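*Asks:* Residue-level listing of the chains:
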Amino acid sequence: MANPIINVENLAASYRKNTVLHDVDFKVNAGSLTAIVGPNGAGKSTLIKTMLDLHPALAGSVKFFGLPFTKAKKRIGYVPQRGSVDWEFPTDALDVVTMGLYGQIGWLKRPSAIHKKKAYEALEKMGMEEYASRQISQLSGGQQQRVFLARALVQNADLYFMDEPLAGVDAATERAIMTILQELKSIGKTVMVVHHDLQTVTDYFDHVLFLNRTIVEHGETGEIFTNKNIARTYGGSIRQMGDEHRHVVHTFE
Amino acid sequence: MWSILLNSNTGWVLLSTMTLGVAAGIVGCLTYWKRQNLMSDALSHATLPGVVISFLFIGEKNSILLLLGAAISALIGALLIQWITTSSRISEDSSMGMILSVFYGLGVMLLSIANKSAGGNQSGLNSFIYGQAASMVMSDVITMFLLALLVIFIMVIGFKEWKIYIFDPQFAKGIGLSLKGMNVFYTAVLVTTIVIGIQAVGVILMAAMMITPAVSARYWTHSFKIMVLLAAAFGGISGAVGTLISAIGSGLPTGAFIVLVASGLFFISLIFGKEKGILIHYLQFKMQQRVHLESTETLETEGGR
Amino acid sequence: MTYAAWIILTASLVGVSCGLMGVFLILRKQAMMSDAISHSVLLGIVIAYIITSEVSGFYMLVGGVFAGLLTAFLVQGLGSLNVQQDASMGIVFTTLFAVGVILISTSLGNAHLDIQHALMGEITFIPFHAISLPFIGEVPEATALLAIVLVIVLFFITIFYKEWKITTFDPALAASLGLPVLVLHYLFMSLISVTTIASFDAVGAIMVVAMLITPAASAYLWTERLTIMLLLSSVFGVLAAIAGYYIAVWIDTSISGSMAFATGIIFLISFIFSPSHGILAKYMRKVKTA
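Protein chains in written order, with the numbering used here: chain A, 1 to 253; chain B, 1 to 305; chain C, 1 to 290.
None of these hints come from the bench; they were simulated from the model. These figures come from a predicted structure and were not determined experimentally. C-beta atoms are modelled at their ideal positions from N, C-alpha and C, and glycine is treated no differently. A couple of the hints might just be wrong.
Per label pair, the in silico range of CB-to-CB distance [to be verified]:
id, chain 1, residue 1, chain 2, residue 2, range
1, A, K71, C, P134, 51 to 57 Å
2, A, D53, B, S223, 50 to 56 Å
3, A, K71, C, T227, 33 to 39 Å
4, A, E124, C, I159, 50 to 56 Å
5, B, F57, A, A167, 37 to 43 Å
6, C, I159, A, A167, 34 to 40 Å
7, B, S223, A, Q81, 28 to 34 Å
8, A, A172, B, I278, 48 to 54 Å
9, A, E124, C, I148, 33 to 39 Å
Work out the full structure, taking the sequences as your base and the hints as a guide.
*Replies:* Written as structure tokens, this is what we have:
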């Protein structure tokens, strides 16, 4: 087995009195495209945040490329949920994408023509080149998501974490995003995506990680994406599973 | 020195600042859950033009009319904040900051005119603006006391309506509560509390009367009812103790001491609060860690067997 | 230079510094932080006075920056303990202000420090406190101080322009790229404090708040570009200074009050007539589509 590039051991996290995650153990190999699925409150976002040091861990260790997060930071790209920024900010799409390069540009320097070109190319990849100089407040939700993806692309990371990139986007954007994710995978990048739509898991992802407070199952989609595992993860709250609709009944927190 | 405390005027002042503290504490719980904590600050600053205008018109310090002027001016401020926030991209905190400073600027302009035209009379106006509970005359004290009681009364009789209005406005609408009506009521109660409060603690420190007790109370409970009761208690204690301290010396600022007592109570709540206090959080985190370690240890030993 | 020219120049310097800083302040959703800092600065000034027993621009600046940073630090600290941000501002600045008021009333007696003066400001007397500078000659102390502060503000905005932009728009991304978000936050708050104190003596606490928030908010209604927003905001600041001065002369009233009021008028005009975000344009669009 190849060297895993993510190695999570015994990870646990809590909010107040409640343990949200416990005994999380998994390894991810380079070049895989993994969907993290689980019911609301299963700790999907918390898992990502804890791995990226944005939420304190109770116990356990996380290694990227055999290194702790702070040393591997530069090789990791994080795409937060779209709602996490204010899209009324006075700037255009190209500029937002260029922000992904600020780490490389360094202090006291302005983004140069080369940086702008890189950013433009990333927008092109996402089919957004027409909108390069469009104000971000005038973009649709799907377009905003594509700008976010383009921004992650210019970071040129080896490992990407994405929190619900397909939530509330149009069909064209969903296709564009999935094409890019496949492409990233084909050039050996590793992508982990918090995903909410069980219907598309088999089409889009080669690995799946069932999460409900702890790992229920983790492995190749073809092998473990079974009704049994879905039921184990979602408990009784799933009404399944005629061939037309897989419908998840979310429980309210 | 202690005779001051027995002085009947001081007694009345004490009673009224305490009642004010209770009222402000309760109303503060509403603004806390509506996430409009600094609204009280913006509106108390926005009272200034109204106060000065009514002073300019009547030419003397008549407490009721000044209060009325203050209330109208604060209401206009509240409406403008809401209008700007809902009909433009300007966020609520920016609108509050603008109304606060622009209204205050207008007030300062008018005040400077009032000072020129009315001569020595304005000293009374200053204590109205910067708050000096100890210098309040009997009629002010009684007005303040009665209005504070009225606010408390309104809050108590409508308690369950307020609760639904704060937590789930859509549901409230569903069961036939008029949101518009409740909004009007909320603003009216807020403005009344601010207007009577600025006399005692001043424009700037009024915000503390509303914010601090409510936030402190939050540290002790998850129940809205208990939070309201606690905020009322914290507010009342701050009002009474602050007034007592300032009555001991001469020329000590009442408002500042009331605020300091409230801040002290906040500090205690922050650390020792039963539900959200730092100490309890820390202990819970440690406990979780220990429980977790123990469970993995037992697992490991079992596995080893 | 004439008396009026000095006053307008001084107030314009306030307008430009505040206009520039204000843009980032409102985009960072921390408009009310200016209110908090401008009030707690009083404590810094009082403490500086108690320690040095002189009313000097420099010590006041140091004391004020200290108080401003203390406010930012406490608000941030309470925030990390899950206190709502606006609530922690309210608690922190009222507490620091109350301590300042008590110190004034107990240990300073009838000192120079007058709360009312500090809050309302009196730009009227600025031209009378002149200092002599090489090459330039007699310059009012407050004007010189404000000129230096403007240079500092311009310097930091220019060299860290892209860092301010990214930490304002998406602090999480900035952090994941390895930028010291918290350090930049405190640097920003220090700049706000410096701007506030320097403007404070000239125009008073409340006027600073008006100059920080209102021109920036007005500019936000006219443009979608950050650079233009910065430019417009400082132009609005200067306009308010000039208009405020002449309003004050015209009806014979407080100059700083009038300037704060003038920022309000500029906002009102923007709010109604801005072609992209004004309510008139929005109304017209609605009529057209209906």
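*Asks:* Does the Cβ-Cβ separation between C:I159 and A:A167 fall within 34 to 40 Å?
*Replies:* Since C:I159 and A:A167 have Cβ atoms about 38 Å apart, the given range 34 to 40 Å holds.
*Asks:* Can the suggested window of 37 to 43 Å be confirmed for the beta-carbon pair B:F57 and A:A167?
*Replies:* Since the Cβ atoms of B:F57 and A:A167 sit about 58 Å apart, the hinted range of 37 to 43 Å is violated.
*Asks:* 48 to 54 Å was suggested as the range; check whether the CB atoms of A:A172 and B:I278 agree with it.
*Replies:* 49 Å, holds
*Asks:* Has the hinted range 50 to 56 Å been met by the Cβ atoms of A:E124 and C:I159?
*Replies:* 32 Å, violated
*Asks:* Using the C-beta atoms of A:K71 and C:T227, is the stated range 33 to 39 Å upheld?
*Replies:* 37 Å, holds
*Asks:* Does the hinted range 50 to 56 Å hold for A:D53 and B:S223 at CB?
*Replies:* About 35 Å separates the Cβ atoms of A:D53 and B:S223, which means 50 to 56 Å is violated.
*Asks:* Is it true that B:S223 and A:Q81 lie within 28 to 34 Å of each other by Cβ?
*Replies:* Given about 32 Å between the Cβ atoms, the range holds.
*Asks:* Given the hint of 33 to 39 Å, check if A:E124 and C:I148 actually sit that far apart at their C-beta atoms.
*Replies:* 47 Å, violated
*Asks:* Is 51 to 57 Å right for how far apart the beta carbons of A:K71 and C:P134 are?
*Replies:* 52 Å, holds
Hint compliance for this structure: hints 2, 4, 5 and 9 are not met, and every other hint is.
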